[in-house]
Amino acid sequence: MKRSLFPMAVLSAVMVFLYVPILLVVAYGFIPNGISMSFFDASGHFTGFSGKWYSMIFSNDMRLGALMQSFWLSLTVAGLATLFSCIIGTTSALALHKWRSRLQTVHHALVYMPLIMPDILIGISLLMLFVACSVDCGFWTILIAHVTFCVSYVVMTVLARLQDFDDRLVEAAYDLGAGQWYTFFHVQLPILMPGIVAGGLLAFTLSIDDVVITSFVNGAGTNTFPTYVSSMTKHSRNLPAVFALSTLMLLFTCAMAGLSKFIARGHQQKQKG
Amino acid sequence: MSAKSKKTEWLLTLPSFAWLLLFFAIPALIVLAFTFHGHTANGGVGEWSLSTWRELVDPDYPTIVWKTIRISFEVTAWCIVLALPCAYAIARMRKRWRALVAGAIMLPFWTSFVVRVFAWKTMLHPDGWLQTCYHAYLHFKFWLFAWVPGMHVPAASSGSAGGCLIGIAGCAIDPAATTILDSEIAVVLVSVYSFLPFAIMPIYSAAEKFDFSLMEAARDLGAKNLYAFRKIFIPGVWQGIVSAVLMVFIPAIGSYVIPQMLGGTDCVLIGNKIFMRAMQNRNIPHASALATLMAVSVLVPIGLAMWWRKRQNARDRKRLEVRTTRLMTAGGMA
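First to last, the protein sequences are chains A and B.
For the first sequence, the numbering used here gives the first residue as 21, with consecutive numbering after it.
For the second sequence, the numbering used here gives the first residue as 7, with consecutive numbering after it.
Some hints could be false.
What the hints assert, rightly or not - Calculated pairs, DMTMM-like style, for lysine to aspartate or glutamate (alpha carbon to alpha carbon, straight line, at most 20 Å):
{"#": "1", "chain 1": "B", "residue 1": "K127", "chain 2": "A", "residue 2": "D229"}
{"#": "2", "chain 1": "B", "residue 1": "K10", "chain 2": "A", "residue 2": "E191"}
{"#": "3", "chain 1": "B", "residue 1": "K10", "chain 2": "A", "residue 2": "D156"}
{"#": "4", "chain 1": "B", "residue 1": "K101", "chain 2": "B", "residue 2": "D217"}
Read the hints as simulated data drawn from the structure, not as lab findings.
Work out the full structure, taking the sequences as your base and the hints as a guide.
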């Protein structure tokens, strides 16, 4: 019997469905008229593409001040949240991997729960905490919230890497006279590094993309890129700049992914040769 | 050694444990505690009372909870139905292609989620091409089913008679009553768009381990394609399907951005109500109670899935035991 073409057809349709909005994000970045958000003017004539939003982004135009400010805030928060969650997450994964005590059972549950809870519940409960302690919301509350939801993802990624880790390496290092700290920094950490980097990348993407939790704990006037965009209306005249900025981010991440693949391949070939 | 090891364990556990206790577990308890308080007129938290839970019977809330659950089921069903053939198709590709296509499915996640939703918002604009397609579809549908008595037609209200389109069969469709934007359709459509990769990935990784020669065997024994797919493939990737359901259902229940940006006033879900109560009306006990309801509606399916998996594992183990004993007795007899 012949193999059905139906699954392939569905897959192609799904790919179109997934990619049309992305292509439009790229296209909308070249719209000349930010108010009508259309490539056609009132009389139906094609207005052509425009690179003015890109030049505005690169020339630090005043009109994009708030947008760019929110963008840099997002990068700062994501960077710091990644750093902290990587440190906390790695120690946590080491503990979870090595010991099987009652403490670790509770610890594991505590790490696992944020993964299965919808974002909005983490957001509202943190808001309640800040209300109960009458803390003013702002940069620090955003950072705390982001570290909280990133930690669990880092722990799970590092833990997966630890599962392949050969514990005899540590014992070998001890036998050869290395101290605890020396072993950690020169044996365990280098081997765990790919796991930590993967977890960190995940944390960074989650943090830079988060809108739900941030919109609960950002307070008045502190906006990250996603909360700023979600507060824009359709007719906020600078909308194409948002799409242009997203296109740049997409290009950047694609380049990074390509680069890491390239480096990994080079590494493999070196090991083979 | 043991005392030192205990100390190291505590030292390594402390940072994450303390952090998550302080910023995850305790806040959750605070939320729970707030539900047993009344609210004060100036947006504060009042005395201990059961008034909040009593007020939840308000005709507004049960409808919203029900609507959220219904929409989450719809979104999950669409995602699974679309993800199954996709995962199947990817798993049957050559190895080089598999990694490429799986990567391509995750690639949209490298653009900001909000920006993608915004792109949808622009696409679904009442003057946009998707809206035109949808109208054409509605006209076709009403033309096709015009003979069915009681067919629901979103007819023009008297006020907007000037703007209504005349369908093929002459029935009028009110453009204002059939816009996709600011309606439930938009929310379901964009939710499926956003969560679909989360459904494809777990099913695909289960399908990758699936032995496709079983399908060939079924076909050799005379099973039709669809029958083999239903009876062999779906049970084979069942674990993946369960993960996929959870991966879609949980964020769908907690959905806030999509109904906020695309649902208008027609599609307010629990998430939006929580945000409204917490940030706009400053009724913190009500927001807490809704959050508790949401947590329950997430924990129930997870609990069920875990229970089911445990039972399945126990059953598998039992089956294995029975088979081993049988083999051993057979061996003993021989």
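* Taking only the CA atoms, is the gap from K10 of chain B to D156 of chain A under or equal to 20 Å? -> violated (41 Å)
* To do: For the pair supplied as a hint, K10 of chain B and E191 of chain A, confirm whether the alpha-carbon distance does not exceed 20 Å.
  => Holds: K10 of chain B and E191 of chain A sit about 17 Å apart, inside 20 Å.
* **20 Å limit on alpha-carbon distance, applied to hinted pair K101 of chain B and D217 of chain B** => Judged against 20 Å, a Cα distance of about 15 Å means the pair holds.
* If you draw a straight line from the CA of K127 of chain B to the CA of D229 of chain A, is it 20 Å or shorter? -> holds (18 Å)
Checked against the numbered hints above, the structure violates only hint 3.
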